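Single-letter residue listing:
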Amino acid sequence: MSLGIAALVTLAATCVLGLTLPKTVEQAEYSRMIAIHPGIAWTAYVASSVTALASILWLWPRTRHERWDLLAGSSAELATLFTALMLITGSIWGRPTWGVWWVWDARLTLSALMLALLLGYDALRRVPAEPDVRARRSAMAALLALVVVPVNHFAVTWWRTLHQGRSLDLTPKDSLDGSFLAAMTLGFLAMTLVYAWLLVHRVRVARLEDARDDLALEAAIDERRREAIPVAGA
Amino acid sequence: MWRDAVLVAGKDLRIELRSRIALQQVGPFGVLVLVLFAFALDPDRGILTRAAPGLFWVAVLFSALLAVQRSLAVEGADGVRDAVRLSGLDPAGIFLGKAAAVAVQLLVLEVVLGAGVVLLYDVHIVGIWTLVAAALSATAGLAAAGSLYGALAAGLRVRETLLPLLLLPVVAPVLIAATRASESALTGTSFEVSAGDWLGLLAVFAVLYIAFGLLAYGPLLED
Chain X
28 MSLGIAALVT LAATCVLGLT LPKTVEQAEY SRMIAIHPGI AWTAYVASSV TALASILWLW
88 PRTRHERWDL LAGSSAELAT LFTALMLITG SIWGRPTWGV WWVWDARLTL SALMLALLLG
148 YDALRRVPAE PDVRARRSAM AALLALVVVP VNHFAVTWWR TLHQGRSLDL TPKDSLDGSF
208 LAAMTLGFLA MTLVYAWLLV HRVRVARLED ARDDLALEAA IDERRREAIP VAGA
Chain B
4 MWRDAVLVAG KDLRIELRSR IALQQVGPFG VLVLVLFAFA LDPDRGILTR AAPGLFWVAV
64 LFSALLAVQR SLAVEGADGV RDAVRLSGLD PAGIFLGKAA AVAVQLLVLE VVLGAGVVLL
124 YDVHIVGIWT LVAAALSATA GLAAAGSLYG ALAAGLRVRE TLLPLLLLPV VAPVLIAATR
184 ASESALTGTS FEVSAGDWLG LLAVFAVLYI AFGLLAYGPL LED
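Going line by line, the protein sequences match chains X and B. All the letters of the first sequence, read from the start, carry residue numbers 28 to 261 under my numbering. All the letters of the second sequence, read from the start, carry residue numbers 4 to 226 under my numbering.
Simulated from the structure, these hints should not be mistaken for lab results. None of the values given here were measured: they were computed from a predicted structure. Mixed in with the good hints, there may be bad ones.
[What the hints assert, rightly or not] Partner residues are not named here, just some residues of chain B that face chain X (Cβ under 7 Å, in silico):
1. Val-135
2. Leu-159
3. Pro-172
4. Val-173
5. Ala-175
6. Ile-179
7. Val-210
8. Leu-218
9. Gly-221
10. Leu-224
[Claimed, not checked] Derived CB-CB ranges, DEER-like:
11. X:Ala-238 to B:Val-111: 48 to 58 Å
12. B:Gly-221 to X:Val-232: 28 to 38 Å
13. X:Glu-245 to B:Gly-91: 30 to 40 Å
14. X:Ser-118 to B:Phe-42: 24 to 34 Å
15. X:Val-232 to B:Val-161: 21 to 31 Å
16. B:Ile-18 to X:Gly-126: 48 to 58 Å
17. X:Leu-46 to B:Asp-125: 50 to 60 Å
18. X:Ser-29 to B:Gly-199: 25 to 35 Å
All C-beta atoms in this analysis are idealised placements derived from N, C-alpha and C, irrespective of residue type, glycine included.
Okay, chain B solo, but in the shape it has when bound:
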């Protein structure tokens, strides 16, 4: 399973590295969203600074949708989906590989967007490790849920419109928890529900969807 996962993840990441779609389209899109937020909210009144964690994660979420769409498109052409299915690779390995590839891209994107938030929104990071933990666990959850729903919608003609409708309500808790955890990492203040609780929730979400994917990816591929 692990070997298969590494193979699939390596394939997807190599394609991204060579096609540069993620680098040249998804990344700039995320930064553009950050700039659009500044247009929508008055940058002079400190709203941007206060709302920075939420805006950051919304930008990540939209970019994650694009990354998942892209991860499907890679296999949509030339019957690659059927080839992967018939390759004899362990379905659990395929799932882990695809999710890991999406996760790696998202992490790179988060670093870029994080720098963007610090530069554009005048934000100071207080608790770097809370932020790193939130980013890692939220990314694992997003990538796992995204890959599962991606597999569900993969063969469908309406997948571009259906995927956001299916995925966004499901990852709503990730947005809430990641935003709250980042909030305390940026402001340094602790709230009634501590950052640790939110990190725990993010971890539970990630574990649930990874476990689901390991068990159910096989039947999902059969569609």
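So that you can see chain X by itself, here it is in the shape it has in the complex:
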């Protein structure tokens, strides 16, 4: 509860601070995207890392526990959400600053591939299965996808250096103005808190879903048994 309040308060503060940022010479109104876009991108990476880590913890026999599987699945869904938001806010920011919605930059391409990997993982998780089977299957899938991330990184970076230099450099060359830095930092905090809050509840819901499936199975077996009694009696 207190986590939720903290998340909402920081999110509101980010909005207020972001909207009251002064216009800049180069980007006019659009520089205000700095309040949310970097924070969202950071959270997408955090959420993906949590999924990878939780999957490894599940696979490791000594730390194997149902909660790691639920954590991995819940975090992956949020990673999908934040990666999609990152691409959307990035496009909205890119349109006025670069003149196009999308450039085939290494970082952008990697994010798009990341989203595809996450969507695949989420789809695999949604296939009905026993919790144990689902856990092994999705942990393996997470690890298989994790293996490809560094290879992807090199492939995409080299691919782009073939044609042109990096079209955007996200490390700021000029130091950011104080109010922009404050808005960005607050954005990081707000998005991380929102992620943590959503994660806690998504894990809780996942646990309830599993419990409901168990109950539904028991109820179905019960019903079959009751159907059988009159036949046996007759």
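Go by the hints and put chain B onto chain X.
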């Protein structure tokens, strides 16, 4: 392990040789994709010739999906999957065998599609050995990753739709690297990132997924 791999690969290849599914369906499909590219891109302006390496590898990728689906379908019927699992064969051997069978089919397909590209797209091969090295390492990676994801999706009812979604983003680096390496083999020009670097990346990809398969195929089969 090696003996088991040879057994499994021999089984799969014999089935393909006798059923001729790969020969009569997957191969023509790949060639058809090449023809469709010519419809989509104007053949008169030299776009096809310039884009040939990429188009070739996209056609290989789509055909590889079919080959992996087929390799699963072979074991889907009559509980063969359970039989293989209970046969006492080394899981690492089963993985190597299945991947090798897919790889052999893909290599044959690549020769056919390569001839198709040369004939249809007006392409001249300059560096044949670069091309051969790229084909071998890319095929090893595709077959290994395909077999792993195949095992992951094998028992699922939604595998036809799920497998492409899982596999295609993972083999994206293979497409990029193989295309770039073939590009320099066809044009003879060297780029900032040399063909050797791309071949190295393809080899790393193949080694990673083969190693993963050797270690993890057992638990994957238990599903």
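Each hint tested on the structure:
Nearest Cβ of chain X to the Cβ of B:Val-135: about 21 Å, over the 7 Å cut. The hint is violated. Annotation: B:Leu-159 was flagged as interfacial toward chain X, and the flag holds, the nearest CB pair being 5 Å apart, inside 7 Å. For B:Pro-172, the interface hint holds, the least distance from its beta-carbon to any beta-carbon of chain X being 4 Å, beneath 7 Å. Given the 7 Å rule on beta carbons, the hint for B:Val-173 holds: about 5 Å separates it from the nearest Cβ of chain X.
Annotation: B:Ala-175 was flagged as interfacial toward chain X, and the flag holds, the nearest CB pair being 6 Å apart, inside 7 Å. Nearest Cβ of chain X to the Cβ of B:Ile-179: about 4 Å, under the 7 Å cut. The hint holds. At a threshold of 7 Å, the smallest CB-CB gap from B:Val-210 to chain X is about 10 Å, leaving the interface hint violated. Hint on B:Leu-218 is violated. Least Cβ distance to chain X is approximately 10 Å, over the 7 Å limit.
Taking 7 Å as the C-beta contact cut-off toward chain X, the hint placing B:Gly-221 at the interface is violated, the least distance being around 11 Å. The restraint placing B:Leu-224 at the interface with chain X is violated, with a minimum CB-CB distance near 11 Å, outside the 7 Å limit. A C-beta distance of roughly 52 Å is found between X:Ala-238 and B:Val-111, which places it inside the suggested range of 48 to 58 Å. Distance hint check for B:Gly-221 and X:Val-232: the Cβ-Cβ separation is about 33 Å, which falls inside the suggested range of 28 to 38 Å.
At roughly 37 Å, the beta carbons of X:Glu-245 and B:Gly-91 sit within the given window of 30 to 40 Å. A C-beta distance of roughly 31 Å is found between X:Ser-118 and B:Phe-42, which places it inside the suggested range of 24 to 34 Å. A C-beta distance of roughly 23 Å is found between X:Val-232 and B:Val-161, which places it inside the suggested range of 21 to 31 Å. As the Cβ distance of B:Ile-18 to X:Gly-126 is approximately 55 Å, the hint placing it in 48 to 58 Å holds.
One distance hint, 50 to 60 Å for the beta-carbon pair X:Leu-46 and B:Asp-125, holds here, with the actual separation near 58 Å. Range check, X:Ser-29 to B:Gly-199: Cβ separation about 57 Å, and the 25 to 35 Å hint is violated.
In terms of the numbered hints stated before, the structure departs from hints 1, 7, 8, 9, 10, 18, listed from lowest to highest.
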